[in-house]
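Engineer: Keeping the supplied structure of chain A fixed, place chain B upon it in accordance with the hints.
First to last, the protein sequences are chains A and B. Heads up: the first sequence begins at 0 in numbering that gives the first Met the number 0, then just goes up one per residue. Heads up: the second sequence begins at 0 in numbering that gives the first Met the number 0, then just goes up one per residue.
FYI, nobody ran anything at the bench for these hints, they're computed from the structure. Fair warning: this is a prediction, and the values are worked out from it, not measured in the lab. C-beta: ideal position from N, C-alpha, C; glycine also. Just so you know, not all the hints are guaranteed correct.
Claimed, not checked - Looking from chain B toward chain A, a few residues come up when the C-beta cut is under 7 Å (computed):
| # | residue |
| --- | --- |
| 1 | L63 |
| 2 | P65 |
| 3 | F70 |
| 4 | A74 |
| 5 | D76 |
| 6 | I80 |
| 7 | V83 |
| 8 | D115 |
| 9 | Y119 |
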Amino acid sequence: MSRILTIAEMAFIEAVRDKILYSILVFALAMIGSSAVLVTLSVGGEGRIAKDLGLACITLFGVFIGVFIGTNLVSREIERRTIYSLLSKPVRRAEFLAGKFLGLGLTLAVNIGVMAIGLIILAWALEDHWTPRILLAVGFSLVELLILTTFAILFSTFSTPTLSAIYTLLIFVIGRLSADLMQFASQFGGPSLKATMTVLYYLLPNLARFNLSGAVVNDLPLAPGTLALTAVYGLLYAGAVLGVATAVFQRRDFR
Amino acid sequence: MSQDSVIRHPTSWIPPARRAQAAALAFAFLALTGAFVTARWLEGRAGDGAERLEPIFFPRAEILRPALLGFTGLAADLTWIRTVQYFGGRMEHRERFPQLYQLADMTTSLDSHFLDAYLYGGLFLVIAKQYPNAIAIYEKGFAANPTAWQIPHDLGRLYFLELHDYKQALHWWEITDRLPDRPHYIPRFLIRLQAKTGHVETALELWRQLLERSENEAVSEIARREIKKLLEEMKQKPAPDSVLQQSGQGAPHAGPSPGRPQ
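Isolated chain A, as found in the complex (with noise of 0.2 Å):
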């Protein structure tokens, strides 16, 4: 355990030195204050619109965070060639790839830790009373990002950094639409269209359920049970893709 906590405090360091993750942070903050000038257009849901605009600039940048930083944090090792000497030592590569993995979710957690910190500010600057549960969608946006983030190190196990970031930002996009591909093949396709796209649908993660926006930003009521089970998904899924990145990982020859 000591070993991927190393790793994953290495990892850390690494990815708040990249000067990347700097400017994502930086447009992130600016667009969630342009919220402040955005509201001043409309009349009526000024503080639903900063909510909106804030809670999906969260999403976004931290999926730009976690595509561009997730996909280099294993391939650099590779390039650089200090995976050879990382390996070398006692290490097994799946520690390497579990503290890669922390490293990343904390880097993660600081980042929309700041931009919540300065959305849950404007929001109260707007609607003159303090909205805690935003706190509740950034936090399920973070487990949307963890899975995001299995899959950028699943991919840079096996492909080059920008394949591998294309394929996360298209798992992305599935996992938006994968309830909707279901409902369309309950319409329009047939039998066999409709088998392959419950398997499909199962296999491939459910993303639309870590956006609770819509709930938070209306203030409809949320079941706690409901919540608890798809934070449970968004691990065991999390889990999953790890444990195949491990898999693909320990087959790579590195000689």
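Structural biologist: Here is chain B on its own, set in the frame of chain A:
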């Protein structure tokens, strides 16, 4: 060679790299000025602001929804801002609002819980005198948000103030009265409306109940005044409750509202 005979360029003291940088900045400034002038010229050719705000294409919300990857709330917000700008721009130029309903409908289809879009959208449509469209937006809002008292309240107000359909106003304010957090004045509105729709005896009874319940002197005073007024009305003509019940007009009309867009 004497020092005076050397011809020096006025900017020769500036290092060449700096000169190139200054030239590039000067070029950028000139190009930007040119772009600004061109943009102003184009704006002058494009006609007035209201025309430029005209939406051209409205995809159906069901088709648009998957393409938004879950960011439907944000899309609804942006459509709503567009609606407000469209309304404001056309209002300023005293023009008609042919696409106002489509914009409000698109906003509320993208986010069916966007309460302000129903309320202000309905109000804009009322101002545009598109009453059937306003009713459609309010009814759509009430179907999606059956516990939001604001929507039946505003729909009742439309029937009362604009269409003078007191039975429908009564119907929607009765619904408002049953919803949580409704304003305190709704019971008084209801009683007055009961009287307006011919239910004088019912109205009298409701005012008496309010007078008994009231702990507020101002409300009690209003109740006393209304009771007195109703009693005077009853002295002048027979109680219309019985007449209305006989002719089958007693209950407020609860079916589809008249004038809904097809």
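Engineer: Take the hints in turn and mark each one as holding or not.
Structural biologist: Going down the list of hints, with the structure as the test:
no. : hint : verdict
1   : L63  : 12 Å, violated
2   : P65  : 4 Å, holds
3   : F70  : 5 Å, holds
4   : A74  : 9 Å, violated
5   : D76  : 4 Å, holds
6   : I80  : 5 Å, holds
7   : V83  : 5 Å, holds
8   : D115 : 3 Å, holds
9   : Y119 : 5 Å, holds
Going through the hint list in order, the structure does not satisfy hints 1, 4.
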